[in-house]
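Student: Chain by chain, the residues run as shown.
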Amino acid sequence: MEVSCGMRKRKGQWLLITALIFSLTLTTIVLMGSRATDSADIAYGDKNMFDNIMVESQDAVNVILSENRTSEYLETGLAVYVEFLKRYVNEHNSNISGFYIVGLPSGDDMNLTVANFLGAEMLGMNLSLGGTEFLNLQLDDGNFSTFRFVSVPDSFLFSCNFTYVDDDGDIVGKNYQFNMTRRVFDVFDARMESGSEIWSDCEIN
Amino acid sequence: MNKKGFIRTVEGALSLFVLLTFLFYVIPHVPVEDKVRGSTRNFVALAIGNLDKSGVLDDYILGNTSNLSAVESALNKTLPSSLSYTVGVSKANASSGTVFSEESYVGVNISYTVNNSYFKDAYVVVDFINATNPRVYGNGEEIFSYGGVHPGGPVRLDVTSSTVEGVNNVEIKTLNNATVDYVLIVDNEEILSYVPKDRVIGVVTYILSGKEEWFQPTIVEVFLWK
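Taken in order, these protein sequences are the chains called A and B. Position 36 (the first sequence) corresponds to 36 in our numbering; numbering is contiguous. Position 125 (the second sequence) corresponds to 125 in our numbering; numbering is contiguous.
Read the hints as simulated data drawn from the structure, not as lab findings. Please note: incorrect hints may appear among the correct ones.
Here are the computed lysine-lysine pairs in the BS3-like style, where the Cα-Cα straight-line distance is at most 27 Å [claimed, not checked]:
id, chain 1, residue 1, chain 2, residue 2
1, A, LYS86, A, LYS174
2, B, LYS226, A, LYS47
3, B, LYS3, A, LYS47
4, B, LYS211, B, LYS53
5, A, LYS47, B, LYS211
6, A, LYS86, B, LYS53
7, B, LYS211, B, LYS120
8, A, LYS47, B, LYS4
9, B, LYS197, B, LYS226
10, A, LYS86, B, LYS120
11, B, LYS211, B, LYS77
12, A, LYS174, A, LYS47
13, B, LYS120, B, LYS226
14, B, LYS77, B, LYS226
15, B, LYS197, B, LYS120
16, B, LYS77, B, LYS53
17, B, LYS226, A, LYS86
18, A, LYS86, A, LYS47
Here are some of the chain A residues that sit facing chain B, going by a computed Cβ distance under 10 Å [said to hold, decoys possible]:
id, residue
19, GLU83
20, GLU91
21, ASN95
22, ILE171
Covered by chain A, according to a simulated footprint, are these stretches of chain B (three or more residues, beta-carbon under 8 Å) [what the hints assert, rightly or not]:
id, region
23, 7-21
24, 42-49
25, 121-129
26, 206-215
The C-beta atom is built at its ideal place from N, Cα and C for all residues, glycine as well.
Chain A with its partners taken away, still in its complex shape (with noise of 0.2 Å):
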């Protein structure tokens, strides 16, 4: 008599726990699924930032060089946006790494600047602008150096290549090689890394 009017009773709590179980499960799925949606849009959002510092840092150098066109002044002004440009995407719980190569004519010369914010050493720089080498150069973190190459042709061939040790430990190569007259270039190469999304690009102008 007791177990019947036991489960007597569980009849109508079923209801209620049925309702409970119900509604925390409906909860549940809405919140994930506004939360999946909001993971998306974010990254979505972050993406536009990147898109956003990629014309920008192109950008930069243009501002820079039109308000004082000499290399002294191009790696002064780097410095100076490169740690407004982090401190940025800090503050967008981002981080981003990255190098410039800017070429600036000089006469007939060309300076090279290079600005690694790559948060490593490059190692074994090799650059080559028509016909002048620069070997085995090393360049630390936070480091803006300008090489002057005399006496280049209208036009000629430009590579560079070098290594990195990333935050993993692997060894990152990079290489380019492309032709170029003799006039302003640059290349900007970066990496932004948001949570578990990493965007990547290289502009050369």
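Mind docking chain B on chain A? Use the hints.
Tutor: Here is chain B on its own, set in the frame of chain A:
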């Protein structure tokens, strides 16, 4: 029988109450709904990007003064009226160079001035070259020290908390004569109108590097809330 029936009716009513409460109160108030959704922020980001592409953003923002009202008016044409927002701008005022720190902790000073109410933050990045026992002070308060010969590489230091209205000093001291490269950035921020403190604020940002012959790293900000 009547008692049992009554209890079942009460339980059924309670179940219905629980269900309705979750459906009409709890679910619409799940925490994620308190903030502006990512898709809305992306829409705002695209709107700012379009202003930049059309060339008006540089004109409104860059230069000695920013016309934030003009930015807001331009955004009003694109953004839905149901969205609450205001616009702001953060401009980086930077200086950089190489200084020589005199031995025996005589050191060297880098000064900067904060003379308006728009101050947002300040930070200095130093790169020591063969410096022994380097120390950095922000208005007398030690913010960095290293024992031995510093290996070099950029050291980023936030001096916001030690910054005061007027002239400020970042003092670098070393045991030996040393060379120090530095970049000092002071950010000034202006916001068009009040941002409510009791709401969850979403911020959309967009950077500008400068225009024509004016290098001026700048962050355009749109503050959004529900």
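Student: Does B:LYS120 lie within 27 Å of A:LYS86 when you go C-alpha to C-alpha?
Tutor: At roughly 17 Å apart (the allowed maximum being 27 Å), B:LYS120 and A:LYS86 satisfy the hint.
Student: Compare the distance between the alpha carbons of A:LYS86 and A:LYS174 with 27 Å, and conclude whether the hinted pair is satisfied.
Tutor: holds (22 Å)
Student: Holds or violated: B:LYS211 with B:LYS77, Cα cutoff 27 Å?
Tutor: holds (25 Å)
Student: Is the Cα-Cα distance between B:LYS226 and A:LYS86 27 Å or less?
Tutor: The given pair, whose Cα atoms are some 30 Å apart, is violated under the 27 Å limit.
Student: Within 27 Å, alpha carbon to alpha carbon, are A:LYS86 and B:LYS53?
Tutor: holds (24 Å)
Student: Report holds or violated for the interface hint on A:ASN95, using the least CB-CB distance to chain B and a cut-off of 10 Å.
Tutor: With Cβ-Cβ at 12 Å, over 10 Å, it is violated.
Student: Under the criterion of a CB-CB separation shorter than 10 Å, is A:ILE171 in contact with chain B as hinted?
Tutor: Interface hint status for A:ILE171: violated (19 Å vs cutoff 10 Å).
Student: For the pair we were handed, A:LYS86 and A:LYS47, check the Cα-Cα distance against 27 Å.
Tutor: Roughly 16 Å separates the two Cα atoms, so the pair holds.
Student: What's the verdict on B:LYS120 and B:LYS226, does the C-alpha distance respect the 27 Å limit or exceed it?
Tutor: holds (25 Å)
Student: Assess, step by step, whether the Cα of B:LYS211 is no farther than 27 Å from the Cα of B:LYS53, and give holds or violated.
Tutor: holds (13 Å)
Student: Can the restraint linking B:LYS77 and B:LYS53 be considered satisfied, given a maximum Cα separation of 27 Å?
Tutor: The hint holds at about 16 Å.
Student: Taking 27 Å as the top limit, are the C-alpha atoms of B:LYS226 and A:LYS47 close enough?
Tutor: holds (24 Å)
In this structure, the hints that do not hold are numbers 3, 8, 17, 21, 22, in rising order.
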